[in-house]
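Enquirer: For reference, the chains in residue letters:
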Amino acid sequence: MRAALVRRALQMIAFSAIGVLALITVFIVREGAPVLYKTGVGHFLFGGAWRPLEGEFGIWPMIVGSTVVTIGALAIGVPLALACAIVLAELAPPRARALLKPTIELLAGIPSVVYGFMGVVLLVPWIREHLGGPGPSVLAASVILGIMIMPTIIGISIDALQAVPRSYREGSRALGATEWQTIRMVVLPAARSGLVAAVILGMGRALGETMAVIMVAGNSVRVPHAITDPVRTLTANIALEMGYASGDHARALFATAIVLFVIVMALNSLASLARRRPRRRTRRPLWRRALGALSRGAR
Amino acid sequence: MKRSLSVVAFACLALGACKRDGGGAGNAQGPLTLAGSTSVQPFAEKWSEAYSAAHPGAQINVQGGGSTAGIKAAQTGAAQIGTVSRDLKADEKSLTPIVVARDGIAIVVNPANPITDLTLAQVKAIFSGQAKSWKELGGIDKPLNVITREEGSGTRGAFEELALGGSKVATSALVQDSTGAVREMVHGDPAAIGYISLGLVNDQVKAVKLAGVDATEANVVAGKYPLVRPFLFVTQGAPTGTAKDFIAYVLSPAGQELVRKEGLIPAQ
Numbered sequence: 001m002r003a004a005l006v007r008r009a010l011q012m013i014a015f016s017a018i019g020v021l022a023l024i025t026v027f028i029v030r031e032g033a034p035v036l037y038k039t040g041v042g043h044f045l046f047g048g049a050w051r052p053l054e055g056e057f058g059i060w061p062m063i064v065g066s067t068v069v070t071i072g073a074l075a076i077g078v079p080l081a082l083a084c085a086i087v088l089a090e091l092a093p094p095r096a097r098a099l100l101k102p103t104i105e106l107l108a109g110i111p112s113v114v115y116g117f118m119g120v121v122l123l124v125p126w127i128r129e130h131l132g133g134p135g136p137s138v139l140a141a142s143v144i145l146g147i148m149i150m151p152t153i154i155g156i157s158i159d160a161l162q163a164v165p166r167s168y169r170e171g172s173r174a175l176g177a178t179e180w181q182t183i184r185m186v187v188l189p190a191a192r193s194g195l196v197a198a199v200i201l202g203m204g205r206a207l208g209e210t211m212a213v214i215m216v217a218g219n220s221v222r223v224p225h226a227i228t229d230p231v232r233t234l235t236a237n238i239a240l241e242m243g244y245a246s247g248d249h250a251r252a253l254f255a256t257a258i259v260l261f262v263i264v265m266a267l268n269s270l271a272s273l274a275r276r277r278p279r280r281r282t283r284r285p286l287w288r289r290a291l292g293a294l295s296r297g298a299r
Numbered sequence: 300m301k302r303s304l305s306v307v308a309f310a311c312l313a314l315g316a317c318k319r320d321g322g323g324a325g326n327a328q329g330p331l332t333l334a335g336s337t338s339v340q341p342f343a344e345k346w347s348e349a350y351s352a353a354h355p356g357a358q359i360n361v362q363g364g365g366s367t368a369g370i371k372a373a374q375t376g377a378a379q380i381g382t383v384s385r386d387l388k389a390d391e392k393s394l395t396p397i398v399v400a401r402d403g404i405a406i407v408v409n410p411a412n413p414i415t416d417l418t419l420a421q422v423k424a425i426f427s428g429q430a431k432s433w434k435e436l437g438g439i440d441k442p443l444n445v446i447t448r449e450e451g452s453g454t455r456g457a458f459e460e461l462a463l464g465g466s467k468v469a470t471s472a473l474v475q476d477s478t479g480a481v482r483e484m485v486h487g488d489p490a491a492i493g494y495i496s497l498g499l500v501n502d503q504v505k506a507v508k509l510a511g512v513d514a515t516e517a518n519v520v521a522g523k524y525p526l527v528r529p530f531l532f533v534t535q536g537a538p539t540g541t542a543k544d545f546i547a548y549v550l551s552p553a554g555q556e557l558v559r560k561e562g563l564i565p566a567q
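Chains as they are written, first to last, in our numbering: chain A, 1 to 299; chain B, 300 to 567.
Do not take every clue at face value.
With a straight-line cut-off of 30 Å between C-alpha atoms, the simulated DSBU-like cross-links for lysine-lysine are [to be verified]: (1) A:Lys38 - B:Lys505; (2) B:Lys543 - B:Lys388; (3) B:Lys434 - B:Lys423; (4) B:Lys441 - B:Lys431; (5) B:Lys505 - B:Lys434; (6) B:Lys560 - B:Lys523; (7) B:Lys371 - B:Lys345; (8) A:Lys38 - B:Lys388; (9) A:Lys38 - B:Lys371.
Some chain B residues judged to face chain A by a derived CB distance under 7 Å, without partners named [said to hold, decoys possible]: (10) Thr337; (11) Pro341; (12) Gly365; (13) Gly451; (14) Val474; (15) Thr539; (16) Thr541; (17) Asp544; (18) Ile546.
Just so you know, these hints were derived from the structure itself, not from any lab.
Just so you know, even glycine gets a beta-carbon here, dropped at the ideal spot from N, CA and C.
Chain A on its own, in the form it takes in the complex (with noise of 0.2 Å):
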C-alpha cells in the first residue's frame, strides 16, 4: 500500500517534469509565433536587419554568430577534450586518473559568469593587443566556450571508451599491436557513436551558453567577417534586449526562442540517436543512421 503510494508519487514528479517542458514548449510558442507569422518565417530567419523599434526583425546575423561560435568552440574543445579522455580511459595510471577525474568534473561546475570574467580580464584585452579588433569578439567566444564545453565532452567520452570491452584490447594487443595502434585502430572506432554523442551535446552546450558569451562576444548585430570581429549570438540576443523589451520586440526575442529550442532539440535527438546503437560494425555515417531511423519511423 504503501509502497504503491510512494510509487505514484513519485511517477507524479517524473511527469511532472515532461509537463513542465510541454508548458515551456506552448508558452514560447504561443508567444513567439505571432510575430513569427507577421514577419514571415523565411524574413525572420534569414533577415540581415535586426531593428526591434522599428519592427524589423532579422535574426540572420545571429544564427551565423551561433553556428560559427559553436564551430569555434568544437574546433577548440573537441581535440583537447578527446586527447584528455584517451588519456585517462586508456594511458593514466589509476591514481592520477583518480585526481584527474574529479578535477575535470568540478570545471563544470563552475559558473559560466566566472568563466566570462576571466575572459573579459585576460583573454580580451590579450586579443585586443596582440591581434587587433575591438577584442570581445568570435575568437574569445570560442575560446571560452572551448573550455567550457571539455568537461561535458570528456565525461560522456570516458564512458564511451570505457565501454570498449576489455576483451578487444587484449586481442589487438595479442595480434602484436602497440598500445597506441589499439586504441587508434580498435577502442576509438569501437567507441565511435559514444564519441559523436559526447560532440553533440558540447555543441548544444556551447550552443545554449549565455552568460559568458554576452560578456566576451562583443554583440554586434552583424555578420563576422573576421574572427576577431564582435558577434552576437541567438542567446545573446534574448537575454541582452528582455529587460526593456515590450510587445512586438518582447515577442520577436521568444521567437528567436523558438529558433534555439529547435536547433536544441534537433542536437540532442541526434545524440541520442547517436548513442542508442553502440557497437554496430557499420560504416554508414551518422547521418544515413538518421535518415534510416526517420523513414523507418515514418512507416
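We have chain A already, so just place chain B on it with the hints.
Expert: Here is chain B on its own, set in the frame of chain A:
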C-alpha cells in the same frame, strides 16, 4: 500524467494570477498607476516606495513599457500618470507634462585617452560609424571602439534622439546591456567610447567636454550642456486625487532629494 499536467498548469495559472493581482483589491480611491519609460521606472519605484511608506494604504503600481506606451496609457486612461523620458512630440501636446527630473548623458572615454573635447558633429560621426579612427579626431592612431546600449534601452533611445538626430547607432558598435557594463568596457579599453547617464560617471572613465562644455550637473542646470533629457510625468488634464498628491510629493524637496541621491538632476 493528465492529472500531474493539470496540477502543473493550475500552479502556473495561480502564480500568474497572483502576479497580476499585485495590490489590486481594497482602497476606495483605487490604485494609482504609473506606466511608461523604463528609464524613469527605477526612480518612479523609489518615489512610490517612499510615498507608500508615508501614506499607508496608498497603492501605486509602477509599470514599464517605454515612453510611447506611457503616453498612450495616459491618453487612454489606462494609467493616471504616464512617464516619459524625452520631450513630447507635436501630436502629444494635448497631455499635461510635468518635469520631475532631468538626466544628462555623458560621453565617456578611457582616462588614458588624450581627447578631452568633442563637438556634437564629431560625436555623431563616431556613433554613426563614419569616423573609424581616433586619428581623425586628433587622437591616438587606434581604431575607434564604439560601445552602445541594447535596443530598447531608454538611454540609447534618448542618446540617438539627442546626439544623432534620430538616426541609429552603427551596427558595428559593441553592445552592452547595462550602464555598468559600458563603463567597465570603456575602463578596460584605451580606444573605447560610450555614453552613460551623467549621474553614473565615476573615476573609472573620463567624461569628455561637448563643444567646450564640461559634463557637470551645474552645466546641465544652467542649460549649457546639450545632451539632457527630461523625465516627464504626463497626465490627461490636470491631475486629481492620489495622482495630484503623488506628484506634489515628487516635486517636494524630499522627493527631489531622493532622485539627486540616485544621480539625477532635480527638476528645478
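Enquirer: Are the hints correct? Go through all of them and say.
Expert: Status of each hint after checking the structure:
1. The hinted pair formed by Lys38 (chain A) and Lys505 (chain B) fails the criterion: a straight-line CA distance of about 44 Å is larger than 30 Å.
2. Simply put, Lys543 (chain B) and Lys388 (chain B) have alpha-carbon atoms about 24 Å apart, close enough for the 30 Å limit, and the pair holds.
3. For the hint pairing Lys434 (chain B) with Lys423 (chain B), the CA-to-CA distance comes to about 16 Å; that is within 30 Å, so the pair holds.
4. Annotation: proposed proximity of Lys441 (chain B) to Lys431 (chain B) holds, straight-line Cα distance about 9 Å (limit 30 Å).
5. A hinted pair counts as satisfied when its Cα atoms are at most 30 Å apart, and Lys505 (chain B) with Lys434 (chain B) qualifies at roughly 19 Å.
6. About 22 Å separates the Cα atoms of Lys560 (chain B) and Lys523 (chain B), which keeps this hinted pair within 30 Å; it holds.
7. Distance hint between Lys371 (chain B) and Lys345 (chain B) is fulfilled; the C-alpha atoms sit about 23 Å from each other, no more than 30 Å.
8. Taking the CA atoms of Lys38 (chain A) and Lys388 (chain B), the gap is near 28 Å; set against the 30 Å cutoff, the hint holds.
9. Using a Cα cut-off of 30 Å, the hinted pair Lys38 (chain A) and Lys371 (chain B) holds, with the two alpha carbons roughly 23 Å apart.
10. For Thr337 (chain B), the suggested interface contact is upheld, since its CB lies about 5 Å from the closest CB of chain A, less than 7 Å.
11. The restraint placing Pro341 (chain B) at the interface with chain A is violated, with a minimum CB-CB distance near 12 Å, outside the 7 Å limit.
12. Checking Gly365 (chain B) against chain A by beta carbon gives a least distance of about 6 Å; that is within 7 Å, so the hint holds.
13. The criterion of a C-beta within 7 Å of any C-beta in chain A is met by Gly451 (chain B), whose closest approach is roughly 4 Å, and the hint holds.
14. About 4 Å separates the beta-carbon of Val474 (chain B) from the nearest beta-carbon of chain A, less than 7 Å, and the hint is met.
15. At its closest, the beta carbon of Thr539 (chain B) sits 28 Å from a beta carbon of chain A; the interface hint therefore is violated under the 7 Å criterion.
16. Nearest Cβ of chain A to the Cβ of Thr541 (chain B): about 25 Å, over the 7 Å cut. The hint is violated.
17. Hint on Asp544 (chain B) is violated. Least Cβ distance to chain A is approximately 28 Å, over the 7 Å limit.
18. For Ile546 (chain B), the interface hint is violated, since its Cβ never comes within 7 Å of a Cβ in chain A; the closest pair sits about 24 Å apart.
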